[in-house]
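Each protein sequence line maps, in turn, to chains F and Y.
One point on numbering: in my numbering, the residue at position 37 of the first sequence is 138, and numbering is uninterrupted.
One point on numbering: in my numbering, the residue at position 190 of the second sequence is 291, and numbering is uninterrupted.
Please keep in mind that the hints were generated in silico from the structure rather than gathered at the bench.
Hints may contain errors.
Same chains, same label: a pair holds when it works inside one copy or across any pair of copies.
[Claimed, not checked] Here are the computed lysine-lysine pairs in the DSSO-like style, where the Cα-Cα straight-line distance is at most 27 angstroms:
#1 K409 to K296
#2 K378 to K227
#3 K296 to K253
#4 K284 to K253
#5 K125 to K225
#6 K227 to K140
#7 K296 to K284
#8 K227 to K332
#9 K125 to K260
#10 K136 to K351
#11 K136 to K227
#12 K114 to K190
#13 K332 to K225
#14 K157 to K227
#15 K157 to K406
#16 K332 to K351
#17 K227 to K190
#18 K227 to K409
#19 K157 to K136
#20 K125 to K190
#21 K377 to K409
#22 K113 to K157
#23 K377 to K227
#24 K125 to K253
#25 K140 to K225
#26 K300 to K109
2 protein chains.
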Amino acid sequence: MSMDLLLKNICKKQNPTVVGLDPKLDYVPEYIKEKAFNKYGENLKGAAKAILEFNKCLIDSLYEIIPAVKPQAAYYEMYGTAGMKTLYKTQEYAKSRGMYVITDGKRNDIGATMEAYATAHLGKVKVRDGEYTPFMGDSLTVNGYLGTDGIKPLINVCKEYDKSIFVLVKTSNPSSGELQDLKVDGTPIYELMGKMCEKWGEELPGAYGYSGVGAVVGATYPEQIAELRAKLPHTFFLIPGYGAQGAGAKDIAAAFDENGLGGIVNSSRAIMTAYKKEGCDECDFAGAAFREAMRMRDEIMSYVKQIKLPQ
Amino acid sequence: MSMDLLLKNICKKQNPTVVGLDPKLDYVPEYIKEKAFNKYGENLKGAAKAILEFNKCLIDSLYEIIPAVKPQAAYYEMYGTAGMKTLYKTQEYAKSRGMYVITDGKRNDIGATMEAYATAHLGKVKVRDGEYTPFMGDSLTVNGYLGTDGIKPLINVCKEYDKSIFVLVKTSNPSSGELQDLKVDGTPIYELMGKMCEKWGEELPGAYGYSGVGAVVGATYPEQIAELRAKLPHTFFLIPGYGAQGAGAKDIAAAFDENGLGGIVNSSRAIMTAYKKEGCDECDFAGAAFREAMRMRDEIMSYVKQIKLPQ
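Same shape as in the complex, but just chain F (with noise of 0.2 angstroms):
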């Protein structure tokens, strides 16, 4: 269970990619800003505005091919409360498309502490009699920093609502390694968190072989994905870096296994920007997000050639 949901997803797309929703007031064409603005206030709720309406015309330009999409809650949170409203709204928004709803959150704490992020994002809350939803994710990316205590209560809440997280394994950024290539007798710090990741994986196993726990693995570190894809034989990958990070699908190549599955790779700017590179009207934004989209894919795919799931 729990990742699974997403492996069928990427399967019946053909096509291994999420898109990440990290939107910048400068992405947002000036037409939809105009328009929130006038209609909301030059405000934080009228930015806000203007943002949600951006997600959900990607969203309705990107659903037929894309499984997946993972708002950055950073961007949001910068809008204060009208900002994780437009949070809220875009999860439900691509839920309703039948995406796959990664929370990139990076969230991290300890015991009753770490549950009540976990509800947060991935459960429900009770309020009396009623059960309610705070956040829409079906996957939350975490921090393992704090170990086990810190991953422990996010493994229950993933177990009663059937969800999963991706843990930050091998980061994208130029300084990931100034602590997590540090090397524990001989071993790297960041081999060490995926291994624990294996072993907290054991308590979400998955039909496809692929546990409720991922990792985050950058495409910027080709070597460590190779070497990592080896040694986590049942941890999927969330992918960044591909694209505005400089990485091309041949460095995440060697993430996919024999199926064509074990990681979903993830480009944000690229796509949510992709009508000023193109250099076309604004209005077009969703189409020009569409056709890079279809690059990417299609790149991507000259080297998984098929997913299937295994029987």
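Following the hints, complete the assembly by docking chain Y onto the known chain F.
Frame of chain F; chain Y shown alone:
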């Protein structure tokens, strides 16, 4: 700058403690919940309003003796958008009472995304010609697993708006050692992370010897507190784990320097639920919180003696 405002507050109140506002709905007295549910409904909004009222009463009761509050973001996110509004309103209210606000969010990401978190929690966001404050923290807890790329954007925002951060170094939970105690060429990872704090802090020097980059160091590990105090002379400590997690004032004593500065000790549950432990009428919850806060202050000050700002 940056951390200096906290140090001044601590000195003024002669109290190196912070009250953690991690408000589970179970902690809120029935009469407050009843009133909120009647007015706003038995739903997320009703729950969030009850928590806000609870927090405000606690702040009113405590602000004259306690220099800072630490709202834990998870407990607000758990109530969705309504909860995030309560986070904002709680921060705003605490600031109006002169308290230093440490938002416990343990946020982490890289580059532009970390900048978005920094803007969300410590800065201002521009919307056309206006500037807005998404959330009202003076300081934010962060996780340094991603390295300098994840901290640098915070430093810039801290400089611009005179704010501070606390980086997770040695956390208070039982399994914190799984990763943090591992040794790289004989040096534990928590110490390496601590040394990065010292380095990052060079860009945010303070008037009293402590930089704007603090460290989270758990009260449950007294030996590490002593060791880190000696090795990180410019890094101020945020110390969780006192009380409910089992540590006492004696365990923390080594965090303080000859001026009685060096750290601030958090207590959440013991203060918020003091009325349950005391067995007093629930209407006196704020009084019980005050009594527990006084007890904690006196216990810790029996080791610290006097706090003064170095000239």
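Hints that the structure is at odds with (numbers, increasing) = Of the numbered hints, 8, 10, 13, 15, 18, 21 do not hold.
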